[in-house]
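Asker: Residue strings, one per chain:
Protein chains: 4
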Amino acid sequence: MKPVCLVIGAGAGIGGTVGARFAAEGYHAVLCRRQNREGLDTLVARITENGGTASGFLLNAVEPDALEERIAATERDIGPIEVVIYNLGAQIGNRDLTETTEKQFERCWRMATFGLFRTARAVLPVMAERATGSMIVTSATAAMRGNPGQHAHAAAMAGRRMLCQTLGAEYASRGVHVCHVLIDGPVDAPDTVGLLLGKERFQALREARGLGKDGLLLPEQIAETYLHLHRQHRSAWSNEIDLRPWTDLPWWNSRNESRGY
Amino acid sequence: MKPVCLVIGAGAGIGGTVGARFAAEGYHAVLCRRQNREGLDTLVARITENGGTASGFLLNAVEPDALEERIAATERDIGPIEVVIYNLGAQIGNRDLTETTEKQFERCWRMATFGLFRTARAVLPVMAERATGSMIVTSATAAMRGNPGQHAHAAAMAGRRMLCQTLGAEYASRGVHVCHVLIDGPVDAPDTVGLLLGKERFQALREARGLGKDGLLLPEQIAETYLHLHRQHRSAWSNEIDLRPWTDLPWWNSRNESRGY
Amino acid sequence: MKPVCLVIGAGAGIGGTVGARFAAEGYHAVLCRRQNREGLDTLVARITENGGTASGFLLNAVEPDALEERIAATERDIGPIEVVIYNLGAQIGNRDLTETTEKQFERCWRMATFGLFRTARAVLPVMAERATGSMIVTSATAAMRGNPGQHAHAAAMAGRRMLCQTLGAEYASRGVHVCHVLIDGPVDAPDTVGLLLGKERFQALREARGLGKDGLLLPEQIAETYLHLHRQHRSAWSNEIDLRPWTDLPWWNSRNESRGY
Amino acid sequence: MKPVCLVIGAGAGIGGTVGARFAAEGYHAVLCRRQNREGLDTLVARITENGGTASGFLLNAVEPDALEERIAATERDIGPIEVVIYNLGAQIGNRDLTETTEKQFERCWRMATFGLFRTARAVLPVMAERATGSMIVTSATAAMRGNPGQHAHAAAMAGRRMLCQTLGAEYASRGVHVCHVLIDGPVDAPDTVGLLLGKERFQALREARGLGKDGLLLPEQIAETYLHLHRQHRSAWSNEIDLRPWTDLPWWNSRNESRGY
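Residue numbers (the numbering used here), protein chains in the order written: chain A, 18 to 278; chain B, 18 to 278; chain C, 18 to 278; chain D, 18 to 278.
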């Protein structure tokens, strides 16, 4: 029975690519996403064609028990979850305060923060019993600082980051590795950044950074670091790391002249 | 008509004391808390005895519309809100992950993060129209890092901090001052820290730090800094400050020997 | 005998203005700067005209013993130093790595970091014996993050910030208050920002922000917060605060569109 | 001609081990340390025995031109430097302010900050011409916060961290990867932590964490992450990561009860 790599939020960007990378290393990839059965089947098929094994499930993470039941069913029917990739985004674009509804604010939290809490509650104790396992959490720059218009997203992602810290503080000594990965730049993924920016602006961004090359974060390169994080020996674990493309400045750098210094 | 200092979370510690301090400077204090009508009346009476004016309201911040209606009624019936003190705590003590319920996790977020979002939505646009006003947010060390057992509290407080940043980023240029105040140490307040620790441990802590003196954070001294923050000229605003007693090390310092360096 | 407010780096901007503010509160201001005897005399004269007392000294902070001797002489001849304002800047403008000389790099460190260390060694133990006193340290955004071209300045200012933390950690419990003040924006000061930008760009910046008004950090408003910090009761001390004008976004916010989120 | 991995600070802990790891991957390891010719020869011999190639040099990093000449000689005589490991420590143990001498304070800065600046000036422009290369910088928890007694070390390490940021900001877009690695815990290395704690306390620490196993940071595991960082594709670079053993809490967590929350 293969160990399982469970991906919560498996689109055509980071999530699906990380799942495929682990599948290539002998894990059974369990790919979960909210919608697009066809896209999901394509991801599973591609893994199978490459000699790996995978299963795909539609899963609405904000629904009660959905995460918990998927985790229980995976452990029962497929294999021991050795690594969880929590990869749900909660970006809704920039909105002024008065244009951010209570419903949006709450939904971002349910996706980014509460869903992680529920996933952790369902899977970390199981990993702790086996004294091994990793939870790798994709996070966004909004977890580090609150930009204008990011009310819902930043509050939710900051909660996600802090939760990674409390989870790590409780589970590290029990052999479970929790890592918060700050994706600090645009990912070359039509499903997320592409949708957010719209087709034209996304294409313009890609071209500005060098089309089809490496000016944006390439999901398959992100996957290499996720794999490395999971493989880190417990004597030398990373809990917080960042990733960004060489063409970009980190979030902490300013760009306009009056703040150059 | 006096300008109003609205306090959300006006207990016998920071909230009520800050309200009284502003009342002494000519503000009408509007004190809101969830329960204890008697305690609330005492706070109002004390302000009145000292020549100030105040009103007290019981208010359940997690109830729909409660915050919004109180803000609207204050503007309509009492006076223009010049400063809001958002002072709701969400500390539930240390609990292991499996002992932290979904309900607790959500409730902390409703108090610490969502309530601030709702308050901001109701009051900041009104302040922005007048191009003046302050929102001073009491925050906890858990907003900066996640300690073991603090899953619900840390995730909620980190959301609070990040929300202060997005709010400030949108409203500063419209003349409204948002400040996140990190209370980084135990407050000499029987209503909060006292309840959390229990009577005996709280008394032991007070004695260890110098009973009745200044080893814990004194609410009346915290109030001086809140008043200063509100009075800061808009050419030199603080957005993040910390407060702690001289007897304590900041959160970033370690205490045990193997981490001394 | 009046208590002394000693200012290291007393130009026409923050330093001189803070000295004057303390002088107005009954402190004897001891103003030290490297050059411009005439400017120094003007600052002293203005304080005297306003009914205060002050002394001015030319002092080269990178010279061996200069700081130490000035501190000893002040304690011996003028009065007990109750507050030190360490206000030496070390900005040399943006320079590529290969254009930053070893000499410049070392000089920035001598001004920003080593000078503070030497000042602290000379004055904090004296304050600790009296169990009272404040050291307020003006700092720059470069202490928080390293922007392109800021090699010398950022390394030096980061050292300054960390030194404030180690000093506070050792001296707080002995009654001495150390505070790191992040000046996160352009100060309306022809001596520093004006020189750095050049007359024309400085004037353009002032006009863009609202000439003669409050679009830049006004030194007299900064001084109000310095005074408040010194007066904070030891039960509620701030160790790190920031100051910026309402027209500006904090350093942590991005400005260009592709990083809006 | 093999590409070179240049290690500044190649003792029996992180430095020598990382050098050996790169040698096993086909790099020529150039190992530099201040003293102990014999220990250096042992490191080189061990690499050779394992089929790799290496050279060892005694080098005093605080001496003028020593770093610059070694870098030039390496490029001229050995091969192109593809990765530099800057691994000089500057820990002098905890000392009160009055017991920290100017000489110690300056020496720490020369090792931790100035040496990195000089190394960067000598090697990054060369790498930039080739549009490839990595500088991986070992750093300490003291770079993040200033603990009591760490005046010299913390100021120096904070400068090191900020310098990594300015270097990355200038050289990333030219194809050179700079990464600041926070070693946040005790390393299982008799040469550094062992010397600092003394033989008995070091052994006690090892036993408390599980002797000979993995309770301390194992240099060979740290080396795996250094290798991964160098191999990261430029579309997804890390600039700041941390490493700590599973038995330890991160620096941001408190340990004593009164700060549990």
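Check before you lean on any hint, since a few could be wrong.
If chains are identical, the list can't say which one is meant, so a pair holds when it fits in one copy or spans any two.
Restricting the straight-line Cα-Cα distance to at most 16 angstroms, the calculated cross-link-like pairs of lysine to aspartate or glutamate (EDC-like) are [stated by the list, open to error]:
#1 K19 with E99
#2 K120 with E80
#3 K120 with D82
#4 K19 with E92
#5 K216 with E66
#6 K19 with E42
In short, the hints are calculated from the structure, not lab data.
Asker: Evaluate each hint against the coordinates.
Answerer: Here is how each hint holds up against the structure:
For the identical chains of this complex, K19 and E99 are intra-copy neighbours only, at 10 angstroms inside a copy versus 38 angstroms across copies, given an alpha-carbon limit of 16 angstroms. In the homo-oligomer, the alpha carbons of K120 and E80 lie at most 16 angstroms apart both inside one protomer (15 angstroms) and across protomers (15 angstroms), since each shortest distance falls under that limit. Taking the closest pair of Cα atoms, K120 and D82 come within 16 angstroms of each other only across two copies (14 angstroms); inside a single copy the shortest separation is 20 angstroms, beyond that limit. Within a single copy, K19 and E92 get their C-alpha atoms as close as 11 angstroms, which meets the 16 angstroms cut-off; across copies the closest is 48 angstroms, which misses it.
Taking the shortest Cα distances, K216 and E66 never come within 16 angstroms of each other, neither inside one copy (30 angstroms) nor across copies (57 angstroms). Taking the closest pair of Cα atoms, K19 and E42 come within 16 angstroms of each other only inside a single copy of the chain (10 angstroms); across copies the shortest separation is 30 angstroms, beyond that limit.
Consistency note: the structure conflicts with earlier hint 5 alone.
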